[in-house]
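Please build the complete structure, drawing on both the sequences and the hints.
Protein chains in written order, with the working numbering: chain U, 40 to 386; chain H, 40 to 386.
Quick caveat, the hints were computed from the structure, so don't treat them as lab data.
Certain hints may be false.
Each pair of labels, with its calculated beta carbon distance range [to be verified]: (1) H/P350 <-> U/R315: 49 to 57 Å; (2) U/S85 <-> H/P350: 52 to 60 Å; (3) U/R315 <-> H/D161: 27 to 35 Å; (4) H/R322 <-> U/S325: 27 to 35 Å; (5) U/S325 <-> H/R348: 33 to 41 Å; (6) U/A326 <-> H/D161: 39 to 47 Å.
Some chain H residues well away from chain U (every beta-carbon gap over 10 Å; in silico) [to be verified]: (7) A64; (8) R71; (9) A74; (10) T153; (11) V183; (12) R191; (13) R192; (14) G196; (15) S291; (16) R319; (17) R321; (18) S325; (19) G336.
Small disclaimer: the values here were computed from a predicted structure and weren't measured.
No residue lacks a Cβ here, since even glycine has one placed at the ideal position from N, Cα and C.
Spelled out, the chains give:
There are 2 protein chains.
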Amino acid sequence: MTQPVEQGLELLPFYCPIEPALHPAVADIETRAVAWLDRMALPGVSRKRLLGTRSAEFFCRFVPQGVTHNVLAATLWVYWGFAFDDTRCDTGALASSPGRFLPEATRVQHALETPGGPGLDDPYALALHDIGARFRGCATPTQVRRFTEAHRRWLLGVAWQVANRAGDHMPGLDEYLRLRLGTCGGAPTMAMLEIGLGAEVPSAEMDSPRVRALTDCASLVAALDNDLHSYRKERLLGQTEQNVVTVLLHESPHSLEQAVHAAVCLRDRLMSLFLRLSHRVRRGGSAPLRSYVDCLGHGIRGNIDWALRVPRYQGLGTPGWSERPLDPRPDPLPYSTVSWWWDELRE
Amino acid sequence: MTQPVEQGLELLPFYCPIEPALHPAVADIETRAVAWLDRMALPGVSRKRLLGTRSAEFFCRFVPQGVTHNVLAATLWVYWGFAFDDTRCDTGALASSPGRFLPEATRVQHALETPGGPGLDDPYALALHDIGARFRGCATPTQVRRFTEAHRRWLLGVAWQVANRAGDHMPGLDEYLRLRLGTCGGAPTMAMLEIGLGAEVPSAEMDSPRVRALTDCASLVAALDNDLHSYRKERLLGQTEQNVVTVLLHESPHSLEQAVHAAVCLRDRLMSLFLRLSHRVRRGGSAPLRSYVDCLGHGIRGNIDWALRVPRYQGLGTPGWSERPLDPRPDPLPYSTVSWWWDELRE
Numbered sequence: 040m041t042q043p044v045e046q047g048l049e050l051l052p053f054y055c056p057i058e059p060a061l062h063p064a065v066a067d068i069e070t071r072a073v074a075w076l077d078r079m080a081l082p083g084v085s086r087k088r089l090l091g092t093r094s095a096e097f098f099c100r101f102v103p104q105g106v107t108h109n110v111l112a113a114t115l116w117v118y119w120g121f122a123f124d125d126t127r128c129d130t131g132a133l134a135s136s137p138g139r140f141l142p143e144a145t146r147v148q149h150a151l152e153t154p155g156g157p158g159l160d161d162p163y164a165l166a167l168h169d170i171g172a173r174f175r176g177c178a179t180p181t182q183v184r185r186f187t188e189a190h191r192r193w194l195l196g197v198a199w200q201v202a203n204r205a206g207d208h209m210p211g212l213d214e215y216l217r218l219r220l221g222t223c224g225g226a227p228t229m230a231m232l233e234i235g236l237g238a239e240v241p242s243a244e245m246d247s248p249r250v251r252a253l254t255d256c257a258s259l260v261a262a263l264d265n266d267l268h269s270y271r272k273e274r275l276l277g278q279t280e281q282n283v284v285t286v287l288l289h290e291s292p293h294s295l296e297q298a299v300h301a302a303v304c305l306r307d308r309l310m311s312l313f314l315r316l317s318h319r320v321r322r323g324g325s326a327p328l329r330s331y332v333d334c335l336g337h338g339i340r341g342n343i344d345w346a347l348r349v350p351r352y353q354g355l356g357t358p359g360w361s362e363r364p365l366d367p368r369p370d371p372l373p374y375s376t377v378s379w380w381w382d383e384l385r386e
Numbered sequence: 040m041t042q043p044v045e046q047g048l049e050l051l052p053f054y055c056p057i058e059p060a061l062h063p064a065v066a067d068i069e070t071r072a073v074a075w076l077d078r079m080a081l082p083g084v085s086r087k088r089l090l091g092t093r094s095a096e097f098f099c100r101f102v103p104q105g106v107t108h109n110v111l112a113a114t115l116w117v118y119w120g121f122a123f124d125d126t127r128c129d130t131g132a133l134a135s136s137p138g139r140f141l142p143e144a145t146r147v148q149h150a151l152e153t154p155g156g157p158g159l160d161d162p163y164a165l166a167l168h169d170i171g172a173r174f175r176g177c178a179t180p181t182q183v184r185r186f187t188e189a190h191r192r193w194l195l196g197v198a199w200q201v202a203n204r205a206g207d208h209m210p211g212l213d214e215y216l217r218l219r220l221g222t223c224g225g226a227p228t229m230a231m232l233e234i235g236l237g238a239e240v241p242s243a244e245m246d247s248p249r250v251r252a253l254t255d256c257a258s259l260v261a262a263l264d265n266d267l268h269s270y271r272k273e274r275l276l277g278q279t280e281q282n283v284v285t286v287l288l289h290e291s292p293h294s295l296e297q298a299v300h301a302a303v304c305l306r307d308r309l310m311s312l313f314l315r316l317s318h319r320v321r322r323g324g325s326a327p328l329r330s331y332v333d334c335l336g337h338g339i340r341g342n343i344d345w346a347l348r349v350p351r352y353q354g355l356g357t358p359g360w361s362e363r364p365l366d367p368r369p370d371p372l373p374y375s376t377v378s379w380w381w382d383e384l385r386e
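Below you can see the structure in the form of structure tokens.
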């Protein structure tokens, strides 16, 4: 087990000056979530594998001060999302057929959004309908709307990834960043933060380009962390397409070590931007917005802490923490998907 | 020219007790839109065909009291949408390949949403980026966000339709209604009403299930009207898949005349619901919400008035107006996509 990829990962600690956090009711939330999963009986994924996602721990790291009942509802979606991802997005008959994935994606989206009975018998659709009903019961209509729109964004991103896989297309880096923002599930996950907190962020704040940029920046940092964590797993399973490391390897003549180094540089520049932009957004922001920004930070840190323990990533050891970014340059990355985020630092 | 389909259409006037309306600056808006189109030079569609969509007239019927500058920006999107629809969704290399449509759809969505340069040279992406910049200049961040989310919903719906076409799949009626709500472009069109009006509807109202149901109901009535109008055109062009008439013909043993009759009954029941639900929404609603509801009604009527004159539908004569619905039953239609809308009539 001394392959270069592991050495590469072990060499490079992440820059993440955010303290760890965890909701105190995590054990209770997990117990109740597991009971729900047993009732829902999602096919195609084993109970062991599903519980091994530690989704309760995952989301409890994101909203340490959340309302327990609401955090449970959000946690159910995280479990559901991992199961759907495993059985319908990453592997299986739909994973390389956009023509088969799209009807399934729109079916579950309908189940999520429709208050009445969704008229469906697919267990995934029924489980998601139940989650939608819970959100309508504990969240405001605007929070629910934001979540459902973010959920659609995720599904469209996954459909695009499925199309790339079907066409054996390897995206360039800018295109990949855009794709990854869709596929990573960051949008629906971050949309559940204010649901978990039980405090609606005013629309004038939440819909501003600045807060949109900050939210996507947090999602992308977490997604790139997952790319680095999962690269070894995906290599073992032969699924190494569409990962930031393989995209970099494909785009220019890097060695594997150079590609991992470049990926961490990219990720650390985004992390630095997140910290600066968080500071900018907090200034003058409402209390719910400030709590939301805190949770975005908890999310970045929590995602790493979770990944280092979770069986999904096969117990990679800790990469350790770096005091400073591998690439300290404060100027924008030259990729259209993200470069405008730096403009939002302005006064 | 005495085929049964024409007779069927001529026999059945629409139930639509809403007065016609038109923005007084329509001629000026059209002139400025045409100048923009000439600058943008969208490929694949002739100038004549594009101007023949009468998109300025179309949208000016929706917001007769709108702010001229804002109505112009919205009008540009209507022209753009028709061009994109014709060249990328309904015909051409992408129209039956979800794997090719999805990268294009996500590319233009990115151009719409990204404030900085989108890093693209596709004329459709550049034109849509220009429209996005106009919206950011004249609308609130929340209005822009609602439009961009609605735009994504449209593109996902079209992708699904493309997948159905590729797989030669004819949906059942419930599935079709859900599909049609996505493909019809009603969501982005209706999201431009409050931009045209220059008055933001508060999120607590706009995101409520009741207003969502009313908005989708208006879109679906207009979409079914378009289905009926375009059925003849599509028959001539050999594109008769995925139209409410063909779906009904496919689902049960109807004659063509019976299928058209059933389609108008369905449409008229939705029209009746729209009127009742409008009344319910208006009661206690804010002034911007009431104006928005007015515009939804103008939209239904305006869409018909526009369709009867536009070359796109080859100058069908007026079907005339009916005083009462062909099917007067007030109870919910038994399709999960729409049945919950009737629940929103409750106190």
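Against the structure, the hints:
no. : hint                          : verdict
1   : H/P350 <-> U/R315: 49 to 57 Å : 54 Å, holds
2   : U/S85 <-> H/P350: 52 to 60 Å  : 59 Å, holds
3   : U/R315 <-> H/D161: 27 to 35 Å : 33 Å, holds
4   : H/R322 <-> U/S325: 27 to 35 Å : 30 Å, holds
5   : U/S325 <-> H/R348: 33 to 41 Å : 49 Å, violated
6   : U/A326 <-> H/D161: 39 to 47 Å : 43 Å, holds
7   : A64                           : 29 Å, holds
8   : R71                           : 27 Å, holds
9   : A74                           : 28 Å, holds
10  : T153                          : 6 Å, violated
11  : V183                          : 7 Å, violated
12  : R191                          : 6 Å, violated
13  : R192                          : 6 Å, violated
14  : G196                          : 8 Å, violated
15  : S291                          : 18 Å, holds
16  : R319                          : 16 Å, holds
17  : R321                          : 18 Å, holds
18  : S325                          : 14 Å, holds
19  : G336                          : 23 Å, holds
Hint compliance for this structure: hints 5, 10, 11, 12, 13 and 14 are not met, and every other hint is.
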